[in-house]
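K.L.:
Protein chains in written order, with my numbering: chain A, 7 to 222; chain B, 7 to 222.
Simulated from the structure, these hints should not be mistaken for laboratory data.
A couple of the hints might just be wrong.
As the list makes no split between identical chains, a pair holds if one copy fits it or if it spans any two.
Unchecked claim - Derived SDA-like pairs: lysine to any residue, alpha-carbon spacing no greater than 20 Å straight-line:
no.	residue 1	residue 2
1	Lys112	Arg170
2	Lys145	Met74
3	Lys145	Val155
4	Lys145	Asp220
5	Lys145	Asp158
Just so it is clear, the structure is predicted and the values come from calculations on it, not from any experiment.
2 protein chains.
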Amino acid sequence: MAQRTYQSLRAAILDLTYLPGQAMRKSEICETLGVSRSPVSEAIARLATEGLVRVVPQAGTFVSLFSMVEIREGAFLREAIESSAAEYLASRITDEQLALLRRNLKLQEIMVAEADHGGFYGLDREFHALILASTGFRKLQSVAETAWVHVDRARKQVVPVRGRVGETLVEHWAIHDALSSRDPVASRAAMGHHLRQLLAYIEPLEKERPELFDPD
Amino acid sequence: MAQRTYQSLRAAILDLTYLPGQAMRKSEICETLGVSRSPVSEAIARLATEGLVRVVPQAGTFVSLFSMVEIREGAFLREAIESSAAEYLASRITDEQLALLRRNLKLQEIMVAEADHGGFYGLDREFHALILASTGFRKLQSVAETAWVHVDRARKQVVPVRGRVGETLVEHWAIHDALSSRDPVASRAAMGHHLRQLLAYIEPLEKERPELFDPD
DNA sequence: TGGAAGAGAGTGGCATGCTAGAATGTTAGG
DNA sequence: CCTAACATTCTAGCATGCCACTCTCTTCCA
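Can you make the complete structure from the sequences, with help from the hints?
P.N.:
Structure representation (structure tokens):
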């Protein structure tokens, strides 16, 4: 049940139900979720290790502000992980795994045609998860997701405004093509290029919404 | 003070004071460290997220067995992170940072000459920490360390037997040289080559001490 | 004698009282 | 009117009681 409160709080932070900088009152959370302080404390401890909240002893826990340093760091980490995964996978990926990728990409094309951005976003996540899962390493996805969490929180502030599903789809196909031709160098390059795109969309946010950011 | 018990337990697991598979009794830990169950629970929760212990609800907490899959995954992750860091750093590293690396390497040479393996190991860690810190990303080191922890636990079973400080020193210098010549490709290659060496020393352990391993 | 069922001990997880310290609002003094 | 010190109120963190569940050892029956 601590797991449940953890996921609940995490989701609330990511979709800005809890605003950056806002205090998270344990007593409030307890009565809202109908649980005791123990599971809430454990959940907050996990959120603190992820950097989503900042705990000040004997004072309070606060939702972390956006930090351009942490966002860049998260982007760097995910690029390091997924680019290496693509390179590693190029010489090992099976035809079945490639077929799963193609199936996912076909669905992405439908979502683009129907302008279903929510559906596209889900398939985007699944596409990257498929690639990481194909390596056979089980925890890679959770590490990448943890690294990515700060980028993702900022992305939600930007992407509804400036979508780029068309370009994203092309880049996804490029990754698939590099993998299917079993070219490690091209696979790393395609994945790296793809992941570097988003950061350019996020950078301006610091100037547009400075109140959300931690003055590093 | 939960932090203190966490570090204490973590160290005990890493140097095999707690053997793989052994049960960790909370009550025992409480009276040993003289603390209550709350900080112990929090520490164990953190260890569980790192994969160092396995918690079976209402049954017990057990030190994780070695797992060749997790060891390979940790090695993959660290290579992904540090190789990318080396590539990233090649075009950004300052002369001061290079000087710090050189100073560290000079000390490593002394340790090799004096056959002080413990001292060399400490400098080895510092060398890699220096490189990660030079990127300006603050959490990189803790992520790499968390990823590496399973490899490190296995390493301690091997390296006292089969040291390779001489070869390691040569590889460290190669990394430094690639960085100082500001060559991203060579830097990534040198770091990747260096990190891939250790795994070859660990692989045989699975056959030598199968009782320590989780039959994946 | 073997196997299964039951009783007991032990475990992790949740709930809750308590304490030390930080922040804020108020009051007293300059 | 401003400043500084104090008191009140809040917080996180630790200690501890309680409970539901698991495991093991013993006992009883086939």
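K.L.:
So, for every hint listed, does it hold in this structure?
P.N.:
So, going through the hints one by one against the coordinates:
{"no.": "1", "hint": "Lys112 with Arg170", "verdict": "within (17 Å within a copy, 51 Å between copies)"}
{"no.": "2", "hint": "Lys145 with Met74", "verdict": "between (26 Å within a copy, 14 Å between copies)"}
{"no.": "3", "hint": "Lys145 with Val155", "verdict": "both (16 Å within a copy, 14 Å between copies)"}
{"no.": "4", "hint": "Lys145 with Asp220", "verdict": "between (30 Å within a copy, 16 Å between copies)"}
{"no.": "5", "hint": "Lys145 with Asp158", "verdict": "both (19 Å within a copy, 17 Å between copies)"}
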